[in-house]
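2 protein chains.
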Amino acid sequence: MPKIIVEVMPKADLLDPQGKAVANALQRGGNKDIKGVRIGKRIELHFDRPITDADLADARKIGDEFLSNAVIEDVVNVTVEN
Amino acid sequence: MPKIIVEVMPKADLLDPQGKAVANALQRGGNKDIKGVRIGKRIELHFDRPITDADLADARKIGDEFLSNAVIEDVVNVTVEN
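Protein chains in written order, with this note's numbering: chain B, 54 to 135; chain H, 54 to 135.
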């Protein structure tokens with residue numbers, strides 16, 4: 054199925070308590086080389102037809118304005134998977 | 054910073070109420086061509102040294118056993134970003 058994938062992450066200078074908790078648990082479990090963890094969102098937009106450049110432009114707009122909160126999050130990737 | 058990115062999505066045959074709500078909102082907003090939305094997680098594991106094949110193997114294991122719940126989720130991608 055054609056889809057556009059929008060990836061959203063908490064801003065780098067922002068605390069991510071969920072990621073911090075996972076990093077602590079991994080380190081307790083012996084994964085000493087993992088220095089940090091950040092947890093964001095991976096959002097798939099599904100289409101029932103091939104994806105056009107206009108769809109991708111729309112998806113970028115939706116990502117910035119609707120799927121993410123620009124105060125605390127960045128859209129790090131918008132990709133097409135046809 | 055070198056990182057491994059683990060992408061986790063709800064299984065295809067599982068309801069995703071959050072994704073459904075977003076899809077409904079997008080359709081109300083005029084994006085009629087978006088037929089469905091699924092929302093998963095994008096998890097970054099950070100390293101302070103270059104990532105090895107062993108790290109990647111570890112990350113796949115961590116993804117399957119710790120970062121996702123195999124009953125309801127699939128790890129769809131594990132990628133290195135050096």
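Errors might be hidden in some of the hints.
As the list claims (entries may be wrong) - Result set (EDC-like, lysine to aspartate or glutamate): computed pairs, CA atoms no more than 16 angstroms apart in a straight line: (1) Lys94(B) <-> Asp69(H); (2) Lys94(B) <-> Glu126(H); (3) Lys85(H) <-> Asp86(B).
Treat the hints as calculated values from the structure; they're not laboratory data.
Now the hints, each set against the structure:
no., hint, result
1, Lys94(B) <-> Asp69(H), "holds (14 angstroms)"
2, Lys94(B) <-> Glu126(H), "holds (14 angstroms)"
3, Lys85(H) <-> Asp86(B), "violated (46 angstroms)"
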